[in-house]
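Given chain A's structure and the hints, the job is docking chain L onto it.
Protein chains in written order, with this note's numbering: chain A, 7 to 412; chain L, 7 to 412.
No lab work stands behind these hints: they were computed from the structure. Be careful, since some hints might not be right.
One copy or any two copies: either way a pair holds, since identical chains are not told apart in the list.
[What the hints assert, rightly or not] Pairs of lysine-lysine residues, derived as DSS-like cross-links and limited to a Cα-Cα distance of at most 27 angstroms, are as follows:
#1 Lys209 <-> Lys128
#2 Lys292 <-> Lys57
#3 Lys371 <-> Lys258
#4 Lys222 <-> Lys369
#5 Lys35 <-> Lys368
#6 Lys12 <-> Lys209
#7 Lys70 <-> Lys133
#8 Lys47 <-> Lys70
#9 Lys128 <-> Lys298
#10 Lys57 <-> Lys298
#11 Lys128 <-> Lys369
#12 Lys128 <-> Lys371
#13 Lys47 <-> Lys372
#14 Lys128 <-> Lys372
#15 Lys368 <-> Lys133
#16 Lys368 <-> Lys380
Please read all numbers here as calculations on a predicted model, not as lab measurements.
Protein chains: 2
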Amino acid sequence: MPVRLKFPSSILKINGVRLSTVCANLYQKKRKDLTLIELSKGSNVVGVFTKNLFCAAPVKIAKKRMSNFNPQYCLINAGNANAGTGYQGLLDTKYICEKVADLVGCKSTEVLPFSTGVIGEKLPIEKINNALPSLVEGLSPGNWIEAAKAIMTTDTIPKSISKEIVLGESTISITGIVKGSGMIRPDMATMLAFIATDANIEKVILEKILLDAVKKSFNRITVDGETSTNDSCVLIATCKASNKCIDNSKTKEYELLKKSIMDIFCELSQAIIRDGEGATKFINIKVVGGKKETECTDVAFKIAESPLVKTAFTASDANWGRILSAIGNSGIDDLDINSVEVHIESLCIIENGQRSSSYTEKKAKKIMLQDEIKLLVNLNRGGCHEEVWTTDLSHEYITINAGYRT
Amino acid sequence: MPVRLKFPSSILKINGVRLSTVCANLYQKKRKDLTLIELSKGSNVVGVFTKNLFCAAPVKIAKKRMSNFNPQYCLINAGNANAGTGYQGLLDTKYICEKVADLVGCKSTEVLPFSTGVIGEKLPIEKINNALPSLVEGLSPGNWIEAAKAIMTTDTIPKSISKEIVLGESTISITGIVKGSGMIRPDMATMLAFIATDANIEKVILEKILLDAVKKSFNRITVDGETSTNDSCVLIATCKASNKCIDNSKTKEYELLKKSIMDIFCELSQAIIRDGEGATKFINIKVVGGKKETECTDVAFKIAESPLVKTAFTASDANWGRILSAIGNSGIDDLDINSVEVHIESLCIIENGQRSSSYTEKKAKKIMLQDEIKLLVNLNRGGCHEEVWTTDLSHEYITINAGYRT
Numbered sequence: 007m008p009v010r011l012k013f014p015s016s017i018l019k020i021n022g023v024r025l026s027t028v029c030a031n032l033y034q035k036k037r038k039d040l041t042l043i044e045l046s047k048g049s050n051v052v053g054v055f056t057k058n059l060f061c062a063a064p065v066k067i068a069k070k071r072m073s074n075f076n077p078q079y080c081l082i083n084a085g086n087a088n089a090g091t092g093y094q095g096l097l098d099t100k101y102i103c104e105k106v107a108d109l110v111g112c113k114s115t116e117v118l119p120f121s122t123g124v125i126g127e128k129l130p131i132e133k134i135n136n137a138l139p140s141l142v143e144g145l146s147p148g149n150w151i152e153a154a155k156a157i158m159t160t161d162t163i164p165k166s167i168s169k170e171i172v173l174g175e176s177t178i179s180i181t182g183i184v185k186g187s188g189m190i191r192p193d194m195a196t197m198l199a200f201i202a203t204d205a206n207i208e209k210v211i212l213e214k215i216l217l218d219a220v221k222k223s224f225n226r227i228t229v230d231g232e233t234s235t236n237d238s239c240v241l242i243a244t245c246k247a248s249n250k251c252i253d254n255s256k257t258k259e260y261e262l263l264k265k266s267i268m269d270i271f272c273e274l275s276q277a278i279i280r281d282g283e284g285a286t287k288f289i290n291i292k293v294v295g296g297k298k299e300t301e302c303t304d305v306a307f308k309i310a311e312s313p314l315v316k317t318a319f320t321a322s323d324a325n326w327g328r329i330l331s332a333i334g335n336s337g338i339d340d341l342d343i344n345s346v347e348v349h350i351e352s353l354c355i356i357e358n359g360q361r362s363s364s365y366t367e368k369k370a371k372k373i374m375l376q377d378e379i380k381l382l383v384n385l386n387r388g389g390c391h392e393e394v395w396t397t398d399l400s401h402e403y404i405t406i407n408a409g410y411r412t
Numbered sequence: 007m008p009v010r011l012k013f014p015s016s017i018l019k020i021n022g023v024r025l026s027t028v029c030a031n032l033y034q035k036k037r038k039d040l041t042l043i044e045l046s047k048g049s050n051v052v053g054v055f056t057k058n059l060f061c062a063a064p065v066k067i068a069k070k071r072m073s074n075f076n077p078q079y080c081l082i083n084a085g086n087a088n089a090g091t092g093y094q095g096l097l098d099t100k101y102i103c104e105k106v107a108d109l110v111g112c113k114s115t116e117v118l119p120f121s122t123g124v125i126g127e128k129l130p131i132e133k134i135n136n137a138l139p140s141l142v143e144g145l146s147p148g149n150w151i152e153a154a155k156a157i158m159t160t161d162t163i164p165k166s167i168s169k170e171i172v173l174g175e176s177t178i179s180i181t182g183i184v185k186g187s188g189m190i191r192p193d194m195a196t197m198l199a200f201i202a203t204d205a206n207i208e209k210v211i212l213e214k215i216l217l218d219a220v221k222k223s224f225n226r227i228t229v230d231g232e233t234s235t236n237d238s239c240v241l242i243a244t245c246k247a248s249n250k251c252i253d254n255s256k257t258k259e260y261e262l263l264k265k266s267i268m269d270i271f272c273e274l275s276q277a278i279i280r281d282g283e284g285a286t287k288f289i290n291i292k293v294v295g296g297k298k299e300t301e302c303t304d305v306a307f308k309i310a311e312s313p314l315v316k317t318a319f320t321a322s323d324a325n326w327g328r329i330l331s332a333i334g335n336s337g338i339d340d341l342d343i344n345s346v347e348v349h350i351e352s353l354c355i356i357e358n359g360q361r362s363s364s365y366t367e368k369k370a371k372k373i374m375l376q377d378e379i380k381l382l383v384n385l386n387r388g389g390c391h392e393e394v395w396t397t398d399l400s401h402e403y404i405t406i407n408a409g410y411r412t
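Only chain A is shown next, with the shape it has when bound in the complex (with noise of 0.2 angstroms):
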């Protein structure tokens, strides 16, 4: 079950985008496994990328093509992650973007592959060159809730989330789309998100955005600790909307953007983490009074991948021992334990190095039962910050990973 994460509701057409979803028997389970999206010309388009050294074939073609030419669509399939694949992953990645240029009458290499699912499979191109042409027929501005449903895998509920903002005089639309729930510590970007806007901005103004966005969201949730293979995070901007192009990042409507595309990330990101395989609950590590950011991150992806942490959040007990024992192994030499100090929500549970004297065992489990937990630890030694988000570890994350090949 989900903590707290609603079926999407009020998604945004974005002017420029057109998507479609069939079933192209590529999933364990029959279901709608095969999504295209369509940009218009003229879509600036950036994205980040695993750096798992074992990264699929759809990665490694994308990034490539992402960078060196004009995509004008996404291919994406679920069930088949096509990495461990080796050259054939490469070959049968281009073959089934070729098939898909010839249908929409584009160049291959303005397609851009994606794949999701079991590690290590042969691609079924037979099957998915099958399900292509209804698929570019099935091609409309309204299928965005289609899409975030047909690339899920472990993923219990489709993610979407859109915005509508003023920029200058124009009403500008962001919609973004996200898959995953396992196998979760991006290191760059997430599983698969997909985020669209019709703004009119700079390619390289839109990277700039897509980096720092990324940083604060998904690279900085964590279900397992578990870097994908296959994780990607495309941002589009069509440059359909009327207002004045966003060509420098001084601008008001540039940090208006920024923030809204920023949002977004954050609410997919958390949307994730919420849907976590086997989560109970939603939890917020936040570090503040580090020397450094890296420290501030060190110490919350200590805690928040720690077994015993996730655990003990599972059991509601709050077995502080845990966390302290968490901050003391993540790897800052000269950390003076005795100005640590850890509160969850509004209760301070340890200060110089020990239980805190307004700790009761009652007022901590009255918290620790919450389905969702806000941690905060401070190092009591800098100004930087970070805030990471994260699951428990309970039974079902286990019946999930033991239970059949994902």
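Chain L only, in chain A's frame:
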């Protein structure tokens, strides 16, 4: 159920060592939980301790006393870690050491304190104090297995191993005990280990053996990637045997003693894994062909601590894509993924960055069903190799750690 681990037998007494255990009502269940080890005068004692910054009060004190004084007693309590207890924790530790010293007639600085159990609770010093007279009275050379039992927490079986060797014309005995099952990713030592020999050896040489042995044993195991606040490993030489004192590391006798102690360390650390929380499998991960030792351990620990790899082992599912993804995340930037080979037992599963042609699901499944599995990764880029031992991640681990406070 521990994986192929039997109740210890044929445990040898060590000339110069006496042990005693009593129930002081410190552990959650009524059982013996307080242990005293007496070392004859002239013993050389060396140790390594956790690097967790939030290390326990007894760790701080034992560490200091070991380097400045000649320890004659080790006092060990199970049930309370005396970690995260601040200044009071240090006072409490010193107090009980003084009480031991008063009873036995030594200096309190000659008593080394050790604790294991729940973090953050005040040490029940009066309960310990009340139990000390009968503890001292019970000292006897034959109590090794009793001691191995009394230091246990979530362990399901006591762990003790002995060995006899001939050095020149003298017969030397070595006996070790260890406790540990969860919170296991020792960083310099494991939870609690005490290994004693009657060999006649200089302290500086004994320390060299300790450091070499720990590196290849207790520092090569992981259950859950969690470094405890209380890890301590103590190596004792009573020097009671008649062998010519080993005073340098160039002799045959040194090599033989070192090898025997190393064997004991390896068996004891493997015993922790075999009795790891929720373990259903014992997994040996060997990484060869590395440029550096550290890159071999990085890859091995990344695989060993991957929740997805661990749950695949629980399911006996040869989900090799997860192994490949873990290798891709281990941080070796210039690794050529096409050179990587992975074998389980004698079956090659990955070569040239993809599934090996010799792989069949049936052969892999047969191996994965074993309760003891060897995984070999060849990076094919150098001459270094390292080995790490780990468990799978089962429902039982969650039950243990989400079930009650340990």
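Checked hints:
no.: 1; hint: Lys209 <-> Lys128; verdict: neither (35 angstroms within a copy, 60 angstroms between copies)
no.: 2; hint: Lys292 <-> Lys57; verdict: both (25 angstroms within a copy, 24 angstroms between copies)
no.: 3; hint: Lys371 <-> Lys258; verdict: neither (45 angstroms within a copy, 60 angstroms between copies)
no.: 4; hint: Lys222 <-> Lys369; verdict: neither (31 angstroms within a copy, 45 angstroms between copies)
no.: 5; hint: Lys35 <-> Lys368; verdict: between (45 angstroms within a copy, 23 angstroms between copies)
no.: 6; hint: Lys12 <-> Lys209; verdict: neither (33 angstroms within a copy, 65 angstroms between copies)
no.: 7; hint: Lys70 <-> Lys133; verdict: within (25 angstroms within a copy, 69 angstroms between copies)
no.: 8; hint: Lys47 <-> Lys70; verdict: within (19 angstroms within a copy, 71 angstroms between copies)
no.: 9; hint: Lys128 <-> Lys298; verdict: neither (44 angstroms within a copy, 34 angstroms between copies)
no.: 10; hint: Lys57 <-> Lys298; verdict: both (23 angstroms within a copy, 22 angstroms between copies)
no.: 11; hint: Lys128 <-> Lys369; verdict: between (54 angstroms within a copy, 19 angstroms between copies)
no.: 12; hint: Lys128 <-> Lys371; verdict: between (49 angstroms within a copy, 20 angstroms between copies)
no.: 13; hint: Lys47 <-> Lys372; verdict: neither (55 angstroms within a copy, 54 angstroms between copies)
no.: 14; hint: Lys128 <-> Lys372; verdict: between (50 angstroms within a copy, 23 angstroms between copies)
no.: 15; hint: Lys368 <-> Lys133; verdict: between (58 angstroms within a copy, 26 angstroms between copies)
no.: 16; hint: Lys368 <-> Lys380; verdict: within (17 angstroms within a copy, 47 angstroms between copies)
Violated hints, in rising order: 1, 3, 4, 6, 9 and 13; the structure is consistent with all others.
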